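Colleague: Two chains, two separate frames, one set of hints: put the complex together.
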Amino acid sequence: MADDPKNPASDAELLAAVARREREALSALYDRHASVLFATALRILGERNEAEDAVQEALIQIWQKASTYSGHAGTPFAWMITVLRNKAIERLRVSKRRAHLADEVASRTETTVDPPAANEAAEREGGRLARTLVEALPGEQRQAIAMAFFDGLTQQEIAEALSQPLGTIKARIRRGLMKLRESLEHRV
Amino acid sequence: MIDDPRQEQACLYVLGALGPDEDAAFTGALGGDGELRALVGELHTAASVLPSALAPVAPRPELKRAIFEEIERRECIIVESHPEGEARDTPDSSSKLLKPLPAVGLFGWIGWAAAACLVFGIAYIYHSNTDVEEKLQAVQGERNDALREKKAAELRIKELEDRVAALQNGNLKGQQLIRLGPPENSAPVAIALWDQQKQTGTLLLDHLPAPAADKDYQLWIIDPKQASPIDCGVVAVAGNGVVTIPFSAKNKVGSIGKFAITLEQKGGVPAPKGTMVLIGG
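Protein chains in written order, with our numbering: chain H, 255 to 442; chain X, 4 to 284.
So here's chain X without its partners, still in its complex pose (with noise of 0.2 angstroms):
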């Protein structure tokens, strides 16, 4: 329960109020509440009534473009239309999807580069230079490469899923099924699947070598208003193939925000230190 006094410096937290020193303090008893977290979540929410009761008043339409420009110059984003055919990850109500965000990322310089040489390439191909053809091949292969790599980390994922649905002979009603994704765009690929009501899960690996001899693998839950992430115990992986590895909670779970995997000493710790191999939510 959150006294008066608290509540009072919550709302003056949240609408900005505290002086600089009040307000380093207060950030910091945030880290471990989180009953005072959930609490400022929802005073933020309530303060962005203000803004709401202004009537509208709508910018100039060049301020999108201006918006939008801004953000190209500084990440130099090319835009990718998907070809026809190519599936596009659509979530399905009982999943939770997530996609390695620096793939997208690697593969837009890949394709910057390749933009670049193309430019090359058609003024040297107008003058037969045969020199720029052969490195707009190399990257245009390297594309074509990483393609059929990321189709394939979605096969995987889809049969991994398929196997899931096996296990539960079809039946995913009240369960969550969450996929896990390298922070890297690499090989290892993971689904949990968690059933609130019983607090027990089932974890499916794919791909994930095992770890050094003095290390272990170790599962968390980071529910969004518990402090800090839930240990679900270390997991035993003995070679390259898809691995299930049921799991439970070392304290109750609220709701899932994440689950992610990390490498730890040889047993397992009680909180996470270690380097972050799998996440997802």
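With the rest of the complex left out, here is chain H (with noise of 0.2 angstroms):
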């Protein structure tokens, strides 16, 4: 949706633009959401260096792949967080942080809400919103959906950290981000 008074154009019709390879619309996209971007990259990193890297690769991918965007991968806010997800998560990966990142989350309570950073005066309404939603979870569900999002575990390390059945992992996450879903729905 576009709430950019400077820029109406929808996300939609900015990444149809930047599939005709028109630098101008990725631009007002990376305006519209560097700081949603930089935040996920730097959550699922802990280091500014790395979260800027994995930004500017994701940038370039959503740049080179614009066309082969569909409804199957959600809005194109969805697709694009998926691109930067997926490489932060690489990072990760290759990182030596990997080693310890089990037993580092699984004494983690409140993972999805972090405390406010810099740039919390520039917070938005749709800001705001997510926050609810997602605290509206109950915490559990709202910990393993954190876990494998943001910390790229599967269910299987997810159940192993928080010395719980596969099952109940995997009924936790299926609860809470079908919860999530609904709720959008209602909003919409």
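Everything labelled a hint here was simulated from the structure, so no lab data went into it. Treat the numbers as computed from the prediction; the structure is a model and nothing was measured. Keep in mind that the hints are not guaranteed to be accurate.
Below, a sample of chain H positions facing chain X; criterion: calculated Cβ distance under 8 angstroms [said to hold, decoys possible]: (1) 288; (2) 310; (3) 315; (4) 317; (5) 319; (6) 325; (7) 335; (8) 399; (9) 408; (10) 413; (11) 420; (12) 424; (13) 427; (14) 428; (15) 431.
Chain X is nowhere near these chain H residues, computed Cβ spacing over 12 angstroms in every case [to be verified]: (16) 261; (17) 306; (18) 314; (19) 324; (20) 349; (21) 392; (22) 393.
Glycine is no exception: its CB is placed at the ideal position from the N, C-alpha and C atoms.
Modeller: Here it is, written out as structure tokens:
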């Protein structure tokens, strides 16, 4: 959705323009979403330089692959996030942090709502809504989903880290993500 | 209806939490299941709420410059500024337009070649070298030819659109106008006019040469929620002039992703196998 007064074009229109090799469209998408993309990469990688590299790789792939986007990947923003997340998780998996990550994340209780960072004043209404939806999830569902999404753990790794049966972890993830899906449908 | 175990797999797949073998198996299952693909799309959208809930953190301003410099380095893209008066395509509310993508790339390379020759030409002109001047003029001539061809194609498309408007007595309400272009920047162009309520359409073809005796052109609708393209039948083309062809789809069309025309064996085929001739959406 377009909420940028400087550029009223929707994400879908901008992504279609990127597929037509219009660099101004990629610039507009970057301006609109860079803060969220970078925050996500930073959350995954925990280090600014790595996060910037991941964002750079993701934007280049978005530029190269915009023509392959389809509705099966969700909204254009969801697709961009998927590209970014994949790049960040790739970096995470080759880093030395990986070996200790499962133990580290198991000790966290709040894994999706981070303390405000430098740009707290810039948080948009969309961010407040998203935070509301995520915080509405039961803590155990939120934790399991965050361990998969932000920490790149498989279902088996999450089960081992939390000392829970695999079926329990699967159920938590399914219920949590389906609830997010239903919450979004009711708000459309 | 997708059962709980499938929902579970879909959720884990979207979050990247399946093991490699399960992930590969699920990816394979997606190809043949439109309902499952739709669910995965919705779950990707739901998962994108998670990063949106983070407090945004602005990267350094230098990052944006680095990204575009890297893109330029990889692709040698020359950003073309359109001269005043040259029309840009602007989508109107009743049409879906397609631009032939590789034509811009080809033009970019000609421009890059023109720019490189220009640098040489300035130096040689200073030293009164007429050979380079001649080369420069030849490349600029090619550039001008390409611009004229592009303009001519745009005018032909506009003419086709006017014909469609005349066919429909100017009433395009509730109908989708979709322009098809070729994968490469060659002559044929087409416009498909689709009525979602009646599930029928009209195809206008311009400069599509007649196929070989053992071949037929075949029209397809690509519905993003269906696993396979929808057959709209063989398209009869007698010559290189404008041809108007009514058509309907063999299966119900939920929504139009793209139209495509392929070259198939005589009589048509149940699923596309041949060369892509035109595509748009």
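Colleague: Against chain X, run the beta carbon of residue 431 (chain H) and see if the smallest gap drops under 8 angstroms.
Modeller: holds (4 angstroms)
Colleague: Taking the closest Cβ pair, is residue 317 (chain H) under 8 angstroms from chain X?
Modeller: Interface hint status for residue 317 (chain H): holds (6 angstroms vs cutoff 8 angstroms).
Colleague: Report holds or violated for the interface hint on residue 319 (chain H), using the least CB-CB distance to chain X and a cut-off of 8 angstroms.
Modeller: With Cβ-Cβ at 13 angstroms, over 8 angstroms, it is violated.
Colleague: Have a go at the residue 428 (chain H) hint: is there a Cβ in chain X nearer than 8 angstroms to its own Cβ?
Modeller: Constraint on residue 428 (chain H) satisfied, holds at 4 angstroms.
Colleague: Given residue 325 (chain H) as an interface hint, is its Cβ closer than 8 angstroms to any Cβ of chain X?
Modeller: This hint holds: residue 325 (chain H) lies near chain X, its Cβ roughly 5 angstroms from the closest one there, short of 8 angstroms.
Colleague: Under 8 angstroms is the threshold here; is the Cβ of residue 288 (chain H) close enough to any Cβ of chain X for the hint to stand?
Modeller: The hint holds - residue 288 (chain H) has a Cβ within 8 angstroms of chain X, the shortest such distance being about 6 angstroms.
Colleague: Tell me if the interface restraint on residue 427 (chain H) is satisfied: Cβ within less than 8 angstroms of some Cβ in chain X.
Modeller: holds (5 angstroms)
Colleague: May I ask you to check that residue 392 (chain H) keeps its beta-carbon over 12 angstroms from the closest beta-carbon of chain X?
Modeller: holds (15 angstroms)
Colleague: Please verify that the nearest CB of chain X lies beyond 12 angstroms from residue 393 (chain H)'s CB.
Modeller: Fine: 14 angstroms to the nearest Cβ keeps residue 393 (chain H) off the interface.
Colleague: Given residue 413 (chain H) as an interface hint, is the shortest Cβ-Cβ distance to chain X below 8 angstroms?
Modeller: violated (10 angstroms)
Colleague: Please check whether the beta-carbon of residue 306 (chain H) is more than 12 angstroms away from every beta-carbon in chain X.
Modeller: violated (5 angstroms)
Colleague: Per the CB criterion, is residue 420 (chain H) less than 8 angstroms away from chain X?
Modeller: violated (11 angstroms)
In terms of the numbered hints stated before, the structure departs from hints 3, 5, 10, 11, 17, 18, 19, listed from lowest to highest.
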